[in-house]
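Take the given structure of chain A and dock chain B to it, following the hints.
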Amino acid sequence: MSAAVMSVRARLRGLSLAQRAALGLLMLLAVFAVAGPWVWPDPVAQDLSRFLEPPSLSEPLGRDHLGRSVAGRLASATRLSLLIAVACVTTAIVAGMLAGILAAWRGGLVDTVLHGLSEAFVALPALLIVLMVSAMSGGELWTLYAGIALAQWIEYFRVVRARSALLLSGPAVEAATLLRLGPMHVLRRHLWPDLRPLLTTMATFGIGTAVLAVSTLGFVGVGVAPPTPELGQMITEAFPFYHEAPWMSVAPALVLVVVLVGLLGLRTKESAS
Amino acid sequence: MSMHLQDVVITHGGRTLVDVADLHLPRGEAVTIVGESGSGKSLLAHAVMGTLAAGLTARGRVTIDGTGYDLAERSARRRLWGRVMALLPQEPVLALDPTMRVRGQVAEGAPAFRSDRRSAYHAAEQLLGTLGVGDAARSYPHTLSGGMAQRVAFAAATVGGARILIADEPSKGLDTHAREELADLLRQHVTGDGVLLTITHDLDLARRLGGQVLVMREAAIVERGTAEQVLTNPSHAYTQRLLAAEPSRWQHPWVSATGSPPADEPHAPFLIQADRVTKGYGKRDLFSDVTLTIRPGQRLALAGPSGSGKTTLGNVLLRLLPPDAGKVVHAADLGGGRLQKLYQDPAVAFPSRVPIIVGLRDVLRRHRPEPGRLEKLMGAMRLSEDLLHRPPGQVSGGELQRVAIIRAMLLDPLLIFADEPTSRLDLVTQEETMCALMEQVDRSRCALLLVTHDLALANAVAHDVLTATTPPADPVRQGHAGQLGSSSSTPPVHARK
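Order-wise, the sequence lines are chains A and B.
Basically my numbering = 1-based index in the first sequence + 45.
Basically my numbering = 1-based index in the second sequence + 297.
Looking at chain A on its own, in the form it has when it is part of the complex:
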């Protein structure tokens, strides 16, 4: 346990000031998303007598046009967005990496087929894929997840395939082959250590893209089905009441900004070096 704490500390020390600030910001957001349900138990419970109630101590963001707790809905929506984004990116990385390494390793027909498939996906705008998949099954969560993952794996596939092909044809892997070290050695010592920093950097960006995709779909009304709270959908719902209760549309937009700025901040050091 103490060794784990030490290694976390060592990692923190390696971060720049901007990165620490970004990490702090994201942590705060995560605490808000996770703790929300305990403070504001039911984000869908309506109470029409509290129509557009202004912010107070117990309801820091007031109540919406149906008398629902805006803070509660925001926490729940943030959690949903982050969960979908992390799930999508994890899936896309695992799929893209496995396919990329497979294509680079096997070459030949496997490579031709996988590469052709990725080219076909690249030709389509990512959001169109997501739109298509979620339109086919009105607002179910899994289609949203599948659509975004489907749009994102290509990026990882292409990067991993190109990098792996380069490494696999290089002298270090040739030497490993002559030393009879086998595929596990090549994966663990040559490919993974080289791909890891690349994938981490891409993943921070991918999570941002996924969060934006979820809320874009919610904003245009084909994302998560109401009454489940979702950031984009909350902005749309709050628009008619902008003059009476501006905080209702500003708050979800602010969460999006925090997520994106936080993720961007995390990347600062990698892109600088």
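Only true hints are included.
Incomplete in silico selection of chain A near chain B, CB under 8 Å:
1) Gly215
2) Ala220
3) Arg234
Stretch-level coverage of chain B by chain A, calculated; a stretch enters the list once three of its residues show a Cβ under 8 Å from a Cβ in chain A:
4) 627-636
5) 656-662
These aren't lab readings, by the way, just hints derived from the structure by calculation.
Quick reminder that beta carbons are idealized off the backbone N, C-alpha and C, glycines included.
Only chain B this time, still in chain A's reference frame:
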């Protein structure tokens, strides 16, 4: 015209990197500084030009043609560049602009370039013609051989009329023939009343240039005198050590004269048998119909200029590349890792992002040599264990090549293919590294296939030397080590039938 350096001190932080009290460069006599890598030779050249990297500070004076310049003040000398003094860069193939034709790049340096483009082009063409590369005027640099690129770089450096030429490791990356051409070129510059300062660790080049030779070690000049005196009868111990490190002077028990090649009979056992193999890229054949046999314990060298297909032939023999025609047969006991390879740049032969020890442990786990073997080899090569905990990029070239030798030796190989294993190292480190390799080869009676552009090294190490010529001429010729001066009289290969 002459150049005079006084009290030159170059420092970084508090450390003195160069400290030369007095150096006179007269007209019509070559001055050459030789020494080990890291002795500060190149820094001296850059200090004179005023192109030292930021963070390095130079003090002292340089007098050019009667005008004195303070070395700490860089900008004053800028207007002398090309007109009065010029730097001939390392590895000209990399120094030339790959997107410009040769003529244009040379013309840029001509004095008339701004006012009269046409006469600048004319001057460039004329100079290129004088240097024997007039035909290349309209080519791009990547189509030139190393020797031609060196002439073009020379033309670009001197077209502005510079009579003071500073050459920084000009022979790096050149094969023997191109090096001879380079020496001629530089000598012509000197006999034409030029001033020449050459910085090199190539003693052969220093010998060919003649004139004065200075030996530099750890920031200071330790010996100076005429080329003949310093390079044949040195007084300083370090110079003696440097001279003894030339492959042609090696005195090791494993030097080929004392080793005996294995019996060469048709039915003797073999490790690799190549039968009329041909390989080319595109339409160009690198070599064709090469037939040769490598016997257990044999030491074979493939020598020849860069681009002649030596490494490709080695890779075909190892079956790392398929031949276009012909076949390569391996003895059955070569399987299971008994065939190992050493690379020109050892840093790229290790997984780059993990400490060396991590990769070595995988080797130990897979092949289980007797316990303590790694430590014993490390001791034999005078390597400290802590360097294994660094990633390969943080270990010096010579040490890392020795680690690569150890890694290969852990598998008790029957044949080692060493592909230019020392061409990036200075003379002393080269000898150290070859010693480490040959002691192991000698002890284990393992066969060696050495690819090198250095005939002296090939002759020192191998029982048999095959020389490759640049395609599309005859592919490969063979002679016995020691006979190579007359290699033109030896028949085309089908060596060791």
